[in-house]
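A.B. asks: One-letter residues, chain by chain:
2 protein chains.
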Amino acid sequence: MSGKKLGRQTFLLPSAPAVIGWASVVGRKEGQGPLRTYFHEIWQDSYHGKDTWEQAEQAMQTRALELALERSNLSSEALDALLGGDLNNQCIATAYAARGLSVPLAGLYGACSTMAEALGLGAMLLDGGFGSRIGAVVSSHFCTAERQYRTPLEYGGQRAPTAQWTATAAGSLVLARKGWGPRVTHVTLGKVVDRGIRDANNMGAAMAPAAFETLRCHFSDTGRAPSDYDLIVTGDLGALGRDLVAELFRREGQTLTNYDDCGLMLFDRRRQKVCCGASGCGCSAAVLCSLLLEGLMTGRWQRLLFCGTGALHSPAALGQGESIPGICHAVALEGPGEEKEERG
Amino acid sequence: MSGKKLGRQTFLLPSAPAVIGWASVVGRKEGQGPLRTYFHEIWQDSYHGKDTWEQAEQAMQTRALELALERSNLSSEALDALLGGDLNNQCIATAYAARGLSVPLAGLYGACSTMAEALGLGAMLLDGGFGSRIGAVVSSHFCTAERQYRTPLEYGGQRAPTAQWTATAAGSLVLARKGWGPRVTHVTLGKVVDRGIRDANNMGAAMAPAAFETLRCHFSDTGRAPSDYDLIVTGDLGALGRDLVAELFRREGQTLTNYDDCGLMLFDRRRQKVCCGASGCGCSAAVLCSLLLEGLMTGRWQRLLFCGTGALHSPAALGQGESIPGICHAVALEGPGEEKEERG
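Residue numbers (the working numbering), protein chains in the order written: chain F, 1 to 344; chain D, 345 to 688.
Among these hints, one or two may not hold up.
In silico DSS-like links for lysine-lysine, alpha-carbon gap of 30 Å or less [unchecked claim]:
#, chain 1, residue 1, chain 2, residue 2
1, F, K4, D, K394
2, D, K349, F, K5
3, F, K4, F, K178
4, F, K5, D, K373
Simulated from the structure, these hints should not be mistaken for laboratory data.
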């Protein structure tokens, strides 16, 4: 019941807490993408009957958590804590979503890496003996993020070829110390890495070096090779960022096998006009809480490395001439194991 | 080495990780207040030679962490992780401060409760066996916060009598699984509580109900009474919020003994024109990382309950007619114990 440090940045979780339930709620565009059959709810209206996009995003978090709890056969009171975050100033989607719950909240901010951070910290806390069940919930919303980070939608700004499309999506999951589901075995917490990118329309390039550093550290800390994973998934780096990570490994003489990126999985880039792909906390959260956890459950993948990537900038920082620091937290997951065979 | 849940929201930390070093760096006004002799550095200029207040705040975090590490006889590489946050949009003070470090960062957002959240989660992770040393760093800056949450300083807005003065201050501490210093014994994570306050100039009233709920829960979970603590300190509720908490306990037939608030301790309200007192993440962080930890170390207090309070709103949320949710995390600390006697 006690964690162990491996190498420089990785923690081994001997009890390997299980993800016993998960759910994703996404917007219309996301619901028209390749993962549409994996999502649990698709909302057609960006306001979802609310007065503001911020309220809609908050409702999306609430609904994703409700569904994750339902699918875990639990009420919210069964949670010992909730970890969550979003991209809004002062993380209001999470704060207002948690307001209606009788669950302690530990608010996180890791930009688009927030789901990996929540999954990792939640599993570590459970492994450490702190409670029996911990929830995680993360969201982003295209319309709240555009006005937060770039220009108001009404302005109608042109999108750069390197831009990514912030996902309107929320993902939520329930971790349990005892229970059946995909298991969290390792967590590699990431350092802040900044290679001087200043273009707010090129998040992929800003985050790729952090993803590379965390992945390299994870392999070195654990003694594992990329090929030890059935799937390595970063997110959300998009097309450019994904290629940069692959290239950085190539330069070290290594090939990243079985490698994909949530930013490329959420949309069909040929059909959906999203430039370099998807971004936003909700992107990797929704891909994890649909396709990825489902795939671990059904045996499509036995061992998966989920690497949430975040760009830790703000419009104020960029306006002041700062570059964009990136971060990446990696969480190793495995299929549910023995009990699955019993069940199967 | 394994945590234990007590009651509804409290975790017992059997190994009671120690705070082995801490430091506070504050601005001029804070350095003119009653705690001036306890701070480790007082910066006279709100820019501190930087181009922007945001850069100054980031430098303040960097310096506080440097000093905390120095006072722990450690280099930053000795940390297994850093937990931190601030009030800027997208927590940039922390992100940019961590950029220069070779330490994994877990970004937190708990508004002014962030230091309690970092202290609590950091101690829980160490107690769970995750690493040997974890750092925490938190800041706020009067000038960045005013333009973030209210009006630009140049506007020269009048202050309401219920307003609080955001502290220009950073606090940092180093937690260790083994080591000598004040010990973290219990953590009570707080729920989001909203009693409908909509006045951004009355944070004390918005946060007081959350402080009351967390304190009441802590006492009930642990079987302790207020009198079991030599000092209970909330922060930063200010004069109005502090009185509200005391009144809420009185209505339940209980007197809060030995009760104070960081928002009242930082400034001399008769002399310093701060209306209801101090606020901002940096307030409770700097009071903890000066007077409070020092007092535990020297035996002034044997047992202390540190209750960080946060208002989880944003200007956008208030502009949309939302009320202000509050949160409070309580961390029980004890004097360093046996080794102290040996040393004494």
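A.B. asks: Tell me the hint numbers this structure goes against, listed in increasing order.
C.D. replies: 1 and 4
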